[in-house]
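For the protein sequence lines, the chains are L and A, in the order given.
Residue 47 in the UniProt record's numbering sits at position 47 of the first sequence, with consecutive numbering throughout.
Residue 80 in the UniProt record's numbering sits at position 80 of the second sequence, with consecutive numbering throughout.
Hints listed in this document are in silico derivations from the structure and should not be mistaken for laboratory results.
The model shown is predicted, which means the values in this text are computed figures rather than measured ones.
For each residue, glycine too, the CB sits at the ideal point set by N, CA and C.
Careful: at least some of the hints might be erroneous.
[As the list claims (entries may be wrong)] Partial list, derived from the structure: chain L residues whose beta carbon lies under 8 angstroms from chain A: (1) 16; (2) 54; (3) 91; (4) 94; (5) 99.
[To be verified] Cut-off 16 angstroms, straight-line C-alpha distance, at most; resulting in silico cross-link-like pairs (EDC-like, lysine to aspartate or glutamate): (6) 55/L with 39/L; (7) 51/A with 102/A; (8) 5/A with 102/L; (9) 5/L with 39/L; (10) 5/A with 39/A; (11) 5/L with 102/A.
Spelled out from the first residue to the last, the chains are:
Protein chains: 2
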Amino acid sequence: MLSLKFADGLIPVIVQDAQSRDVLMMAYANNEAVRLTQETGFAHYYSRSRKKLWKKGEESGHFQKVLRILADCDEDCLIYEVEQTGAACHTGYRTCFYRTLDGDVVGTKVFDPEKVYKKPGH
Amino acid sequence: MLSLKFADGLIPVIVQDAQSRDVLMMAYANNEAVRLTQETGFAHYYSRSRKKLWKKGEESGHFQKVLRILADCDEDCLIYEVEQTGAACHTGYRTCFYRTLDGDVVGTKVFDPEKVYKKPGH
Chain L
1 MLSLKFADGL
11 IPVIVQDAQS
21 RDVLMMAYAN
31 NEAVRLTQET
41 GFAHYYSRSR
51 KKLWKKGEES
61 GHFQKVLRIL
71 ADCDEDCLIY
81 EVEQTGAACH
91 TGYRTCFYRT
101 LDGDVVGTKV
111 FDPEKVYKKP
121 GH
Chain A
1 MLSLKFADGL
11 IPVIVQDAQS
21 RDVLMMAYAN
31 NEAVRLTQET
41 GFAHYYSRSR
51 KKLWKKGEES
61 GHFQKVLRIL
71 ADCDEDCLIY
81 EVEQTGAACH
91 TGYRTCFYRT
101 LDGDVVGTKV
111 FDPEKVYKKP
121 GH
């Protein structure tokens, strides 16, 4: 087990689809979120805006089964390799990275967020 | 062009090999680094420890040709899709994510850092 370095209690997590290898999202985890991810096999994060631990999919049903966790050379960044149910992005796109920097949409929309989330923007 | 959100002047950048689709590294860019990356087609970052702009490969020769830049839904994280010369990691591994969280080495070493860098640890 590596000694992870947390900055202000958090470590950035890159989430990659194990099958398509698309990068799905980037989020942050605290020590507890990493521990719960390892113990349960499902992705947990820490929300900086809501200031609380969250399990991906707890509202949408779009869980992430974590097949492997990788750490970088500096031990200050992680990759969760996942099997994504539904979509990673709250906008309905499969990945949060569905646009180029110029604003061109290159991703695929797979669900209607108004039907999945009770409150928009979550 | 999207309106990127920088936190303390920086935005996290996930670097993905366009061919193998491996995630190679994570680094930070400021506005100037993103602009230079777009203008030159080669990856630029901002080093938080050295407090300066850097072009990947300026010391090692391991440049990253940037084929596409993607932004996430919140416009606060980027992906550089790159053609990596040599290796991304200063340790000599192709990717910085060469270990599992348990410490098992799963990556491939492609160069000897002592031969590539004048000073170790850069």
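Structure-based check of all given hints:
no., hint, verdict
1, 16, "holds, 6 angstroms"
2, 54, "violated, 16 angstroms"
3, 91, "holds, 5 angstroms"
4, 94, "violated, 12 angstroms"
5, 99, "holds, 6 angstroms"
6, 55/L with 39/L, "holds, 13 angstroms"
7, 51/A with 102/A, "violated, 32 angstroms"
8, 5/A with 102/L, "holds, 15 angstroms"
9, 5/L with 39/L, "violated, 20 angstroms"
10, 5/A with 39/A, "violated, 20 angstroms"
11, 5/L with 102/A, "holds, 15 angstroms"
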